[in-house]
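So the protein sequences, as listed, match chains V and W. The C-terminal position of the first sequence is numbered 334 in this note's numbering, with every residue numbered one higher than the one before it. The C-terminal position of the second sequence is numbered 220 in this note's numbering, with every residue numbered one higher than the one before it.
The set of hints was computed from the structure by calculation and includes no laboratory data. None of these values were measured; they are calculated from a predicted model.
Ranges of calculated distance between the beta carbons of each label pair, as one might list FRET restraints: (1) W:Cys-107 x V:Gln-197: 33 to 43 Å; (2) V:Phe-314 x W:Gly-204: 26 to 36 Å; (3) W:Lys-150 x V:Arg-191: 51 to 61 Å; (4) V:His-2 x W:Ala-79: 27 to 37 Å; (5) V:His-2 x W:Cys-203: 28 to 38 Å; (6) V:Gly-287 x W:Arg-217: 41 to 51 Å; (7) W:Arg-217 x V:Ala-241: 13 to 23 Å; (8) V:Ser-310 x W:Ala-156: 48 to 58 Å; (9) W:Leu-151 x V:Ser-257: 51 to 61 Å; (10) V:Ala-59 x W:Cys-203: 39 to 49 Å; (11) W:Gln-135 x V:Ala-241: 34 to 44 Å; (12) W:Pro-184 x V:Gln-197: 27 to 37 Å.
Here a beta-carbon is modelled for each residue, glycine too, at the ideal position from N, C-alpha and C.
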Amino acid sequence: MHPFELITPATVSAAVKAQAGAPTAQQGAPIRYIAGGTNLVDFMKLNVETPRQLVDVNALDLSSVESLPDGGVKIGALARNTDVAQHALIKERFPALSEAILSGATVQLRNLATTGGNLLQKTRCVYYRDTAFACNKRNPGSGCPAIEGHNRMLAVLGTSEHCIATNPSDQNVALTALEAMIHVTGTKGERAIPITQFYMLPDSTPDKETVLEPGDLITHVTIPALPEGAKSVYLKLRDRASYEFALASAAIVMRTSGDRITFARVAMGGVGTVPWRSHEAEKALLGKPATLVSFRVAAEAALHGARPQSQNGFKIELAKRCVTHALTLATQQA
Amino acid sequence: MAPFDEKDKQPLTSLERISRRVFLTRASAASVATAAGAVAAPLTGSVHAEAPPVAAGGPVDDSAVPGAIPVTLKVNGTAHRVMVDPRATVLDTLRETLLLTGTKKGCDHGQCGACTVHLNGRRVNSCLLLAAMHQNDEITTIEGIGTPEKLHPMQAAFVEQDGYQCGYCTSGQIMSAVALLKEPVGKDDADVREAMSGNICRCGAYPNIVAAVQAVRRMA
Numbered sequence: 001m002h003p004f005e006l007i008t009p010a011t012v013s014a015a016v017k018a019q020a021g022a023p024t025a026q027q028g029a030p031i032r033y034i035a036g037g038t039n040l041v042d043f044m045k046l047n048v049e050t051p052r053q054l055v056d057v058n059a060l061d062l063s064s065v066e067s068l069p070d071g072g073v074k075i076g077a078l079a080r081n082t083d084v085a086q087h088a089l090i091k092e093r094f095p096a097l098s099e100a101i102l103s104g105a106t107v108q109l110r111n112l113a114t115t116g117g118n119l120l121q122k123t124r125c126v127y128y129r130d131t132a133f134a135c136n137k138r139n140p141g142s143g144c145p146a147i148e149g150h151n152r153m154l155a156v157l158g159t160s161e162h163c164i165a166t167n168p169s170d171q172n173v174a175l176t177a178l179e180a181m182i183h184v185t186g187t188k189g190e191r192a193i194p195i196t197q198f199y200m201l202p203d204s205t206p207d208k209e210t211v212l213e214p215g216d217l218i219t220h221v222t223i224p225a226l227p228e229g230a231k232s233v234y235l236k237l238r239d240r241a242s243y244e245f246a247l248a249s250a251a252i253v254m255r256t257s258g259d260r261i262t263f264a265r266v267a268m269g270g271v272g273t274v275p276w277r278s279h280e281a282e283k284a285l286l287g288k289p290a291t292l293v294s295f296r297v298a299a300e301a302a303l304h305g306a307r308p309q310s311q312n313g314f315k316i317e318l319a320k321r322c323v324t325h326a327l328t329l330a331t332q333q334a
Numbered sequence: 001m002a003p004f005d006e007k008d009k010q011p012l013t014s015l016e017r018i019s020r021r022v023f024l025t026r027a028s029a030a031s032v033a034t035a036a037g038a039v040a041a042p043l044t045g046s047v048h049a050e051a052p053p054v055a056a057g058g059p060v061d062d063s064a065v066p067g068a069i070p071v072t073l074k075v076n077g078t079a080h081r082v083m084v085d086p087r088a089t090v091l092d093t094l095r096e097t098l099l100l101t102g103t104k105k106g107c108d109h110g111q112c113g114a115c116t117v118h119l120n121g122r123r124v125n126s127c128l129l130l131a132a133m134h135q136n137d138e139i140t141t142i143e144g145i146g147t148p149e150k151l152h153p154m155q156a157a158f159v160e161q162d163g164y165q166c167g168y169c170t171s172g173q174i175m176s177a178v179a180l181l182k183e184p185v186g187k188d189d190a191d192v193r194e195a196m197s198g199n200i201c202r203c204g205a206y207p208n209i210v211a212a213v214q215a216v217r218r219m220a
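If we strip away everything but chain V, and leave its shape as in the complex, we get (with noise of 0.2 Å):
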């Protein structure tokens, strides 16, 4: 591990002061915020990052779970996650986050990992996580292995010719059904963002993955509230039973009225380069009657863009059904 200067401060202006020193806020920036240090730690002993400052949030007052007015929650950036997964007003809710959270990682993990630091969990990629190799992500313009290498575990929505590794999160793609709105405060003060303009897409310049500028910290998360009878689901299709990184995963909000279906968000994990929101798949099913065939075409819509590499192609045949097997489980439910 590289030296650093670890320092604590006491506001988030001043801990927004003290990143703003830094040319960037993506991966690699020599000022990095440091909140749990489940994902950071990691990646400063295996020498992928060498910040020469950490900035510890820890002493900041953002860890509460409260309810909204409008029957919507706010979630603190330091709410571990395992706080969140098992908050009463979460799993009332919006049960589909509490779900996610807890089919992530383990129990000591979820105890320090953060809602803000989820946001910006890393890939899995094993070339992003080894320095031997080269990876886009990494070392801009090194080149991408990935793509005629060890892509089993790799995305197929999303990617691009400098880049192919999934966004590995649970949260974060509930979160995207549930349209949260990721609330940051930088230099010119405080902003919300949707989370679905949150992340970038690799396209040319995979080593900037978010629309954070120096400086910013992201301070909380709000959902706003479903609508009236709505309800939310999420599965998770893995290796292994537990502690295991999504193949597949589906994130559902849906509602129905008779037979039909009168309100569907549909979020995807495991394949995509960011957590993925299927507006097609959406509009395939308002509408519709809510059965199994529809469901069907609902999930050959939002895989209709995926590119399969060497040895990933299984995965767009599994998001289908997952994404099906998903909404089956949310018609039970609603």
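Following the hints, put chain W in place on chain V, whose structure we already have.
Relative to the frame of chain V, chain W by itself:
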């Protein structure tokens, strides 16, 4: 580096008098100090009477640890004031500075659970914690939950149910299992397996580990 080459005989005139652990501690401390500066060293005048945390043959001058900062760690109810490099993890500080070697280093990347300790009552991977970030937190290790004379019920259950083979993962397993008793975990074996999935056992003692955990839960 070779710590015991021809011109470096002085610290080890009689290898026979040195226990394996002290030997290894000295050897690793010597290599670390040469390679990159010791990652964690005791503050001069540090309090730890029964096992002086002195790694390399005498009190270590603060200046030997460039960039070290004073940290107070509360471990098993005792406050320890130590100098640590900001890079030192809680795991390494426990083992190398406080000589609490019951907590084990497996993968060192938060994947295996061998280093599980309690942080303010909740189980965490100590290999992912930077010691300097956890002043004033209550850290509990395997040494803090029971003694050979008075085992914690979970330790006794692991013995009773034969919940280990080589034993390397065991302290982490037990720390996880003790924390689990206070967590919202269903009553079935499958629930225990899910809740214990962050602790890997390469010997595959899982059935007996689940039996030990369930035995203690039934006692409660």
